[in-house]
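One line per chain: the protein sequences are Z and X, in this order.
Counted from 1, the first sequence has number 282 at position 280 by our numbering; the numbering is strictly sequential.
Counted from 1, the second sequence has number 47 at position 19 by our numbering; the numbering is strictly sequential.
Simulated from the structure, these hints should not be mistaken for laboratory data.
For each residue, glycine too, the CB sits at the ideal point set by N, CA and C.
Among these hints, one or two may not hold up.
[What the hints assert, rightly or not] Computed footprint of chain Z on chain X, listed as stretches where at least three residues anywhere in the stretch have a Cβ under 8 Å from a Cβ of chain Z: (1) 193 to 202; (2) 413 to 421; (3) 445 to 453.
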Amino acid sequence: MARDKMARTANALTLHLGHYVSGSAHMLLIGWVLFGGVFRSAPDPFEITGVEMISLQEFDALFAPENVPAPETVVETPVAPEVTETSPALSPTQDREIETVPVPEPTPTLPDPVPEIATPAPPPPLIVETPTPPELPSIEPPSSAPEQAVRPIARPVRRVAPTPVEAPDPDLQIDEIDQAPTAPSEDAAATEDAPDATAQEEAATEIPTEPQEVAAAPTTSLRPKIRPRAASPATPTQPAPEATTEDSVAAALAEAQEQAETPARPSGPPLSFAEKESLRVSVQQCWNVDVGSQAANVVVVLGMSLDRDGRVAGGTLRLLSATGGDERAQNAAFEAARRAVLRCQRGGFNLPIEKYEHWRDIEMTFNPEKMRRR
Amino acid sequence: MKTFLKSLLCAFALITGMTTLAQAQDGPLRIEITDGVIEPLPFAVPEFVAETAGMGEIAADIARVVAADLNGTGLFREIPEAAFISTITNFSSPVQYSDWKAINAQALISGAVSMSNTGEMSVKFRVYDVFSGQELGNGLRFRGTRDGWRRIAHKVADAVYSRITGESGYFDSRVVYVSETGPKNERLKRLAIMDYDGANLQFLTDSSAIVLAPRFSPNGDRVLYTSYETGFPRVFILDVGSATRRVLEDQPGTMSFAPRFSPDGSSVVFSITEGGNTDIYLMDINSGSRSRLTNAPSIETAPTFSPDGKRIVFESDRSGSQQLYIMSASGGQAQRISFGQGRYGTPVWSPRGDLIAFTKQNKGRFHIGVMRVDGSEERLLTASFLDEGPTWSPNGRVIMFTRETQGANGSASLYSVDVSGRNLKPVRTQGGGSDPSWSPLQQ
């Protein structure tokens, strides 16, 4: 019994021994942390010194007997006099230069004015006489009349014969064939007509080309289109009687679907984020926003088709929509956006040719809201 | 039946396949551009072509004025002639766009000057958008006398500005202001009128009496101003063409000041101080009949009409500090629009109608600022020891104001700033100047 008890206490002792040891050790540790000065002060500030790797030879050379003392004496003596000599010499000349510059600067603003001061003449200086009557801002006949008529005609002219529409005044002959799309500043409504004209024209020319491209590029997504086409010529070869009405309905349906879907579906992987981003950045570099103007309240969407070189295909750049501002502001916003595209395309936007189908047609939105808040 | 099912399934698969494809990429590639650059648009103005003998000099001068007008806006930057690859020697011959593209000229202005037998000078011009290879608008011609060449040049610049920015210009305009000469304690003040760029300066009054705050009529033919000619401040109206003037409001024992025309030019809104109280009145110019628009014990002054003539903005200290209020043009309840820190004064409604320019005094500094008509989007455009008295350019794009420097030798001069806060610069005047008022575009 007693042995049992002893054994138990011994057991308990050994059991608790661990606790005691760990407890006292922790106490010691905490005490040391608190009073031992571990956190008493921040670590000493340390300096960073540059370290250079040197070769053995260099090391030896460094400790060659004469090396250390010699440079010190050499350096010190010459430097001091040089500095004192040069610094006074430089400072006066610089000052003189600076002084002379500002003096003339304010003056040019004053003497320049052309005004012929009609000597302090309190009595009656007649001012309006010269300017008002003579100025006849003669908006020449051609500018108003032909412009509206020309716009629809101009497009055909480009293809047939680039002879400008003759106007009464020889000065106003239209030299540039492209003249038509830009509107007179007075009626911006007319400008919007012009892009429309180009849009239709392009739409007409594109449709025949696209199916060919589709046929030429049969990749994954094209498969559904090609099959029905193959199926329809194939049907006659198949035993004719077998062709059920359902089949032909399905085929017709598929064909109709295919036809409805005339614009080619781009195939292959779409443009990556980085590729889109690089296009965006390259255009915005050239997008000059006049934040104080009414045009800065207009969001314009431009449509365009690019050729395989990444250049805007002739006449495809058009205004799709403009929101905010009046017509003139919208026109100015369109011009600025168009300038951005045309100026930054340079030799062509940098886009991966293998994804041409994805970037052939682009809709670009120019939203100046963020710029306004700058 | 099997085949029917098969074909049905095929058709179904086809349709669903196509719709998912359509969802994957629907139509053209869409890109949104939100970050542009703010920089002056580079343009080139080759010397205008002299089409008749002896016009070479004036042709060059006109091109210079056009370039100076455009440069001065801060929105355009002229490409120096030294950089030109080719130049224009014949107004009618086609433009070599590539030559101008190479020097990054985005706009090209060509012009020609000729003189008829009758002594009428004719200036024609064209504007080209170089990068799209198109002409902006059509050619245009102005006719006038040789003496009026600067106005013609300004008109050309206005047309160019308008074609590129889509907004009307402001170059063919004038400014009436108070010319200040002499030391600060003995300053001579005269009404002066000049082109917006400082040319063609003329004086409208002598310096015998102090004159203040001239204001152009809506068509620029008359000027309202305040003069101490009679010993007290009185509102005068002056005909610009003949420089004849008459007192508009001459009630004994009162002071009248701060006049402005209504948009139709038929009436004048101004302040009268009577018995220590200042209120706003409206007067019909022809009949001389007047009506009182405000009736408060506080000071109400600096009234200005909205461009549509339906409302009036003015300053008042009825709340304890000087603030801006808007009321109907016939008077009545006024609504406070300025709520920022400091004191607001001299409000002016923009010709576009969307903004109100004002002078603000806060923490010992003066500012010219703009806010929307409802008081929102307040923007301070300038800051200095003393900026005050804004006036709008005819197109509502630029604000001209008075800046006065500190100290015994301090002087007042005219400055202008773009409504975006850019392009702050002094206006060229002969000597000092204050209280500018910008005319409308000349007809």
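Hints and how they fare:
{"no.": "1", "hint": "193 to 202", "verdict": "holds (count 3)"}
{"no.": "2", "hint": "413 to 421", "verdict": "violated (count 0)"}
{"no.": "3", "hint": "445 to 453", "verdict": "holds (count 4)"}
Hint 2 from the list above is the single one not met by this structure.
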